[in-house]
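Protein chains in written order, with this note's numbering: chain A, 1 to 306; chain B, 1 to 292.
Calculated from the structure, these hints are not laboratory results. We treat Cβ as the ideally placed atom computed from N, Cα and C, and that holds for glycine. Any given hint could turn out to be false.
Keeping only pairs whose Cα atoms sit at most 27 Å apart, straight-line, the calculated DSS-like set for lysine-lysine is [as the list claims (entries may be wrong)]:
#	chain 1	residue 1	chain 2	residue 2
1	B	198	A	131
2	B	122	B	198
3	A	127	A	140
4	A	140	B	122
5	A	131	A	113
6	A	127	A	181
7	A	127	B	138
8	B	198	A	154
9	B	138	B	198
10	B	122	B	151
11	B	138	B	151
12	B	198	B	125
13	A	154	A	113
14	A	154	B	125
15	A	131	B	125
16	A	113	A	127
17	A	113	A	181
18	A	181	A	140
19	A	131	B	122
20	A	113	A	140
21	A	181	A	154
22	A	154	A	140
23	B	198	B	151
24	A	140	B	125
Here are the simulated distance ranges between beta carbons [to be verified]:
#	chain 1	residue 1	chain 2	residue 2	range
25	B	198	A	17	25 to 33 Å
26	B	89	A	108	50 to 58 Å
27	B	51	A	284	53 to 61 Å
28	B	213	A	128	39 to 47 Å
29	A	57	B	260	57 to 65 Å
30	B	236	A	83	43 to 51 Å
31	A	17	B	122	20 to 28 Å
32	A	108	B	216	44 to 52 Å
33	B	215	A	108	38 to 46 Å
34	A	236	B	208	31 to 39 Å
35	A	116	B	179	38 to 46 Å
36	A	266	B	119	52 to 60 Å
37	A	137	B	215	51 to 59 Å
38	B	233	A	83	30 to 38 Å
Given next are the chains, with one letter for each unit.
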Amino acid sequence: MSVIQARALVKSYGELHAVDGIDFDVAPGESFGLLGPNGAGKSTTMRMIGGTSLRTSGTLTVLGMDPETRGPEVRANLGVIPQQDNLDSELRCRENLITYGRYFGLPRPYLQKRADDLLAFAQLTEKANEKVDNLSGGMKRRLTIARGLINEPKILLLDEPTTGLDPQARHILWDRLFRLKEEGVTLVVTTHFMDEAEQLCDRLVVMDHGRIVAEGSPAQLIREYSTREVLEVRFGSERNAAVVEQLADVADRVEVLPDRILLYSADGEAALERVTSRGLAPVTSLVRRSSLEDVFLRLTGRSLID
Amino acid sequence: MTDRAPVSIAAEADSNRLAYSGGALSPTEQAVISRRWGWLLYAEYRLTTMRAYLQTIVIRAIGLPLLYLASMGLGLGALVDSGAGGVDGVSYLVFVAPALLVSSVVMEATGEFTYPVMSGFKWQKHFFAASASPLSPKQVALGELVAVGLKFTAEAFVFWLALLTFGAVTSPHSWLVVLIAPLAALAFGVPLMAFAAKQQDEGAQFAFIQRFVVMPMFLFAGTFFPLGAMPVYLQWIGWISPMWHGTQLARIVCFGMPNPWWLTLLHVAVLVAAVAVGTWVAARVFTDRLTR
């Protein structure tokens, strides 16, 4: 039984189809990702799940309920982490959690204890009485996540949870999310970072122009749409295009990016040997594992972050 | 813990189960409460945020009546009373005091229902935060006006105490101004909230309202002299102003100003209708913007 089920889900703004007929299921306790570039329809999908965006057609159920007609019941089961933090900067950290919890009709004595627990979870205990404005970006993000947990939601919707954070802040945040996952919270995550999707998601759909172009676990997708390894070579931006014809049969597949050439092959080192054996001397070369970025490139012909 | 987590973090907070403590109400219970009381829960939040600038509110609520009553009532009043022997059969202080109370509360509405509304949609986005909870956009709009209405009531109460102190009321029914003033302020403020909610970007529109709607209303809607003292072609400014309707009602309850019963009823009806229509429009605009 899925906790979220979408069938032929469409959201149009006039001529623009932000979400253009998507189907997906999210299982209980699963960590489900929506991966895609800006404008792919990820955030719109998230808002439809919460019933704060009305779908144009198709069906959508959350825990068996339609978010449009049973909005309060659905949202009482959700924790929503929007793309941009919308904490109240006039209130202190702890007050932010408590006042938000009151929206759910939760009693103050419960909220006071809950707020302290969540501040500890978000590693913000020392900042409890600090104004939100005095927090760093990563702290604000963690506070927003803590706020999203105030009502003990079954499903957490995270819209680009780590965009704009430095690497250390991202790792702290991922760790907190892992803990929630371990406790059985269903996570729905949108991201345009492949590393984030690989870290967080059991299963994901790749979205582009409002459609789902692929679905599976990160490993499955890489297996299916890419090779095990990738050889990246640079010949200088002038020469890349000129050299590429000579490389056509070196690898299973070749992609030319403005600054480098990607050669997809099960064995990257062997591919590099074939390149050099032809008398070609790349300025730099790098053999790495395939990632979801490669999957996306293969599926759409474009990079994720443009 | 996973191998990716920094060690210092892994040690912490392992004892408490965060996801489900079991202490919260069930989602169904949460939804029942917010379906019914959501407007009040939002008002509670709004009042909590006002605590952040409580000092300013209190100083203003006490200082403003003192300044107004001392300058207009006593200063200008001495001049008017010695020249014309009062207005409408009462001293100028008694005539002007109820109007000062109402108009100062009505003018507060401009501040409360313009920039804070835009902030809720655009800067702080607290309306969006609330709409991700079980609250509906309609409840958010309603809660906003309930909270601000309560603030107006408190301000009117303080002003009324000042009126009593200055001996500016002669009727035992004068306490009713504590309700009349917020009603008039909402009659002006709630339609303004609907307008502000429609605005996508900050431009000159709010400054325009302050200068070309609120100031003329204050000066021409019968606050300092009876509306009838003005040429007829200017009196319409009073007729369409919530401030004038509120001021007239305030004078009736504060010093028993003679007024035909039907006109008194009309004053009340105009104010109630403005609040009702304004609320209906605001609820629609909030819903449109929060469920795109």
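Results of checking the hints against the structure:
{"no.": "1", "hint": "B:198 <-> A:131", "verdict": "violated (30 Å)"}
{"no.": "2", "hint": "B:122 <-> B:198", "verdict": "holds (11 Å)"}
{"no.": "3", "hint": "A:127 <-> A:140", "verdict": "holds (11 Å)"}
{"no.": "4", "hint": "A:140 <-> B:122", "verdict": "holds (18 Å)"}
{"no.": "5", "hint": "A:131 <-> A:113", "verdict": "holds (20 Å)"}
{"no.": "6", "hint": "A:127 <-> A:181", "verdict": "holds (25 Å)"}
{"no.": "7", "hint": "A:127 <-> B:138", "verdict": "violated (34 Å)"}
{"no.": "8", "hint": "B:198 <-> A:154", "verdict": "violated (35 Å)"}
{"no.": "9", "hint": "B:138 <-> B:198", "verdict": "holds (15 Å)"}
{"no.": "10", "hint": "B:122 <-> B:151", "verdict": "holds (24 Å)"}
{"no.": "11", "hint": "B:138 <-> B:151", "verdict": "holds (20 Å)"}
{"no.": "12", "hint": "B:198 <-> B:125", "verdict": "holds (14 Å)"}
{"no.": "13", "hint": "A:154 <-> A:113", "verdict": "holds (20 Å)"}
{"no.": "14", "hint": "A:154 <-> B:125", "verdict": "holds (25 Å)"}
{"no.": "15", "hint": "A:131 <-> B:125", "verdict": "holds (17 Å)"}
{"no.": "16", "hint": "A:113 <-> A:127", "verdict": "holds (16 Å)"}
{"no.": "17", "hint": "A:113 <-> A:181", "verdict": "holds (22 Å)"}
{"no.": "18", "hint": "A:181 <-> A:140", "verdict": "holds (21 Å)"}
{"no.": "19", "hint": "A:131 <-> B:122", "verdict": "holds (20 Å)"}
{"no.": "20", "hint": "A:113 <-> A:140", "verdict": "holds (20 Å)"}
{"no.": "21", "hint": "A:181 <-> A:154", "verdict": "holds (10 Å)"}
{"no.": "22", "hint": "A:154 <-> A:140", "verdict": "holds (22 Å)"}
{"no.": "23", "hint": "B:198 <-> B:151", "verdict": "holds (24 Å)"}
{"no.": "24", "hint": "A:140 <-> B:125", "verdict": "holds (15 Å)"}
{"no.": "25", "hint": "B:198 <-> A:17: 25 to 33 Å", "verdict": "holds (26 Å)"}
{"no.": "26", "hint": "B:89 <-> A:108: 50 to 58 Å", "verdict": "holds (53 Å)"}
{"no.": "27", "hint": "B:51 <-> A:284: 53 to 61 Å", "verdict": "holds (59 Å)"}
{"no.": "28", "hint": "B:213 <-> A:128: 39 to 47 Å", "verdict": "holds (44 Å)"}
{"no.": "29", "hint": "A:57 <-> B:260: 57 to 65 Å", "verdict": "holds (58 Å)"}
{"no.": "30", "hint": "B:236 <-> A:83: 43 to 51 Å", "verdict": "holds (49 Å)"}
{"no.": "31", "hint": "A:17 <-> B:122: 20 to 28 Å", "verdict": "holds (26 Å)"}
{"no.": "32", "hint": "A:108 <-> B:216: 44 to 52 Å", "verdict": "holds (46 Å)"}
{"no.": "33", "hint": "B:215 <-> A:108: 38 to 46 Å", "verdict": "holds (43 Å)"}
{"no.": "34", "hint": "A:236 <-> B:208: 31 to 39 Å", "verdict": "violated (59 Å)"}
{"no.": "35", "hint": "A:116 <-> B:179: 38 to 46 Å", "verdict": "holds (41 Å)"}
{"no.": "36", "hint": "A:266 <-> B:119: 52 to 60 Å", "verdict": "holds (56 Å)"}
{"no.": "37", "hint": "A:137 <-> B:215: 51 to 59 Å", "verdict": "violated (43 Å)"}
{"no.": "38", "hint": "B:233 <-> A:83: 30 to 38 Å", "verdict": "violated (54 Å)"}
Taken one by one, the earlier hints fail for this structure at numbers 1, 7, 8, 34, 37, 38, listed in ascending order.
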